[in-house]
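Participant: Sequence:
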Amino acid sequence: MSRRTMSAMSRHRCSVCGSTCRGGNSTACSTPRWRRPRCRWGVKEHKVMINAVVWGGLYRGVETVAHAAPTLLCGLFVAAVFRHLFGTGLTLRWMGAGGPTSLLRAWLLGMLLPVCSIGAIPVARELVRAGLGGGAVLAFTVSAPLFNPISLLYGLTLSHPLVILGFALASMVVVNVAGMVWDRSWREARSSPAETAATTAPPGWRRIALLGLGMVRDAAGPTLAYAALAVLGVMLLAVVLPAGSLQTTMKAFDPWAAPMMALISLPAHITPTDAMMQVGSMFDHGNSVGAAYVLLSVGAGLNVGIVAWAWRTFGFRPAASWVLILVTIVVSLGWLIERPLSFRDSPPEQHTHAFDGFCLPFPADIPDPAGMCRALLADRIASHEWNALALLGVLVACGAILAIVDPKHRLERRLTAVSVPHEVTRPRRGWDVTVPAPVLGVVLVCGLVALSAMAAYVYYPDRETCVRELQVVAAETNSAVLDRDRRRAEVWITTWEELVRRAEVGIWIRDGRVDEALILASSRLRDRIEALEHAVMDADHPDEGIVSAALKQLQAAALVHRDAVRGIGG
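End of the sequence shown sits at 1661 in our numbering; the numbers just go up one at a time, nothing left out.
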């Protein structure tokens, strides 16, 4: 047998590189690594991980759109009211354009409107169209998503009220200082009135039609593109951060916590109430107070869509300087308030789930990411959010059709045409009074603010409703844990934690105070809920003894808490 034949017989397919080489096992491959073809080992595992990452990013995107849909509808409505009822002149007078109070008025308007950072985009675009100064517009854009009546009431029960009030005052300082610095630095970048004047409709049904047309056109216009960029930023952030990768970060008194939070929360999107919930979770776990303030200011106030809108509206350098000024001031304030606003007596915990919403929603090696994504959407998206998302989809579809059929806004011009003479001279009855458009606009905007305040009494239930909901949540959590269904357990544990907070707020807004017994029972119950969460979720195969003990302690704490909610005991 020749030497060439013997050499060929000694060659066989290698399990490492997939080629014909000497050695042929995973520990000894004679082919240099740089000459190996694409490795065939682990292809199935890589496909599973890629699928999980893709589905996880899609879940974060759909979740963001659903959470933002209600407030985006509010923003579209307010923008239409400013345009077609207030008009340019009244809008500028209301906002104190060119005066020393314009920044303060912008902050106050943002504090009252129930919008998130995506919902603030159409209102900001309308303020730019009206010709308001760039600093005031940017001040409104940042402050609008931070607080509203519902989130402010929720925040007052999260920790010491001084913390939330300090955050509110700090936001006022931030937007005023950043706005003044930006206005002085970029006088030439101030917004100017749009070429097309606002269309004010005559009294009657034409006003309603114009408001609807304004919302429809804006929903399918540039606002849609900016909202899509914001959602894309959330998806990319989730793809970059693996599940649970932030659970040991943002520790108290860590000087890098605030800058790290600014970097992570800039592409994120958080509704005002969710931001308050995360801030409360950070207080419970003893995380950095400065990072909590940065989360509230940057995470709730900014997103990729707002940055893109500022770039498109004012230019790259003014937009970049605005973001840099804002983040610098926010991080500096975060460092300053770290120790004065830290009221926690016990040592901070080393583990937290407060930032899981930024990361991939499930591990990358999960076998069925599509099924998990569908299940999470069904569990975590409320029915009113699905309804708002459907309505938003209808507006976008109608706006797209209208842009094709009537791109020159002929329909608006017909609606604003002068009425026929017999309509003008027709005698009016006693109650047939023509309400001026600005008055109607003020009533609508004030009604929206009042409605958001009244919604607090619906969102935060009374004592009896709290007790019934707590019983249901406790039963569902117990069932999920006993069935070893980790997904259901995670959903109901999160719901339980939120309901405990809502119970305190509901009692506070009705009674004016919260009993010390309820505060203590709520704190103990949250500790027991968190202990069960760690026992169920942290290990791949939870220890049944630890889970059973945590569940028993949780049930005992839940009974005491429900009695405290009823007002029994002391």
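No lab work stands behind these hints, which were simulated from the structure alone.
In this text, all values refer to a predicted model and were calculated from it rather than measured experimentally.
All C-beta atoms, glycine included, are put in the ideal place defined by N, C-alpha and C.
Heads up, a few of these hints could be off.
What the hints assert, rightly or not - Have a look at the derived ranges for each label pair, beta carbon to beta carbon: (1) Ala1491 <-> Ser1336: 36 to 42 angstroms; (2) Trp1599 <-> Ile1637: 31 to 37 angstroms; (3) Gly1189 <-> Thr1507: 40 to 46 angstroms; (4) His1475 <-> Gly1303: 16 to 22 angstroms; (5) Lys1499 <-> Arg1403: 41 to 47 angstroms; (6) Leu1502 <-> Glu1555: 49 to 55 angstroms; (7) Gln1644 <-> Arg1577: 18 to 24 angstroms; (8) Arg1504 <-> Met1628: 58 to 64 angstroms; (9) Trp1296 <-> Arg1575: 57 to 63 angstroms; (10) Val1331 <-> Ala1469: 23 to 29 angstroms; (11) Arg1403 <-> Ala1494: 14 to 20 angstroms; (12) Val1530 <-> Glu1560: 38 to 44 angstroms; (13) Met1628 <-> Pro1527: 46 to 52 angstroms.
Participant: Determine for every hint whether it applies to the structure shown.
Facilitator: Taking the hints in turn, this is what the structure says about them:
1. Ala1491 <-> Ser1336: 36 to 42 angstroms: holds, 39 angstroms
2. Trp1599 <-> Ile1637: 31 to 37 angstroms: holds, 35 angstroms
3. Gly1189 <-> Thr1507: 40 to 46 angstroms: Violated, since Gly1189 and Thr1507 (Cβ atoms, about 28 angstroms apart) do not stay within the stated range.
4. His1475 <-> Gly1303: 16 to 22 angstroms: Since the Cβ atoms of His1475 and Gly1303 sit about 21 angstroms apart, the hinted range of 16 to 22 angstroms holds.
5. Lys1499 <-> Arg1403: 41 to 47 angstroms: violated, 23 angstroms
6. Leu1502 <-> Glu1555: 49 to 55 angstroms: This hint holds: roughly 51 angstroms between Cβ atoms.
7. Gln1644 <-> Arg1577: 18 to 24 angstroms: holds, 19 angstroms
8. Arg1504 <-> Met1628: 58 to 64 angstroms: Between Arg1504 and Met1628, where Cβ atoms are some 59 angstroms apart, the hint holds.
9. Trp1296 <-> Arg1575: 57 to 63 angstroms: Holds, at about 59 angstroms.
10. Val1331 <-> Ala1469: 23 to 29 angstroms: Distance hint for Val1331, Ala1469 holds at roughly 26 angstroms.
11. Arg1403 <-> Ala1494: 14 to 20 angstroms: Holds, since Arg1403 and Ala1494 (Cβ atoms, about 19 angstroms apart) stay within the stated range.
12. Val1530 <-> Glu1560: 38 to 44 angstroms: holds, 41 angstroms
13. Met1628 <-> Pro1527: 46 to 52 angstroms: violated, 58 angstroms
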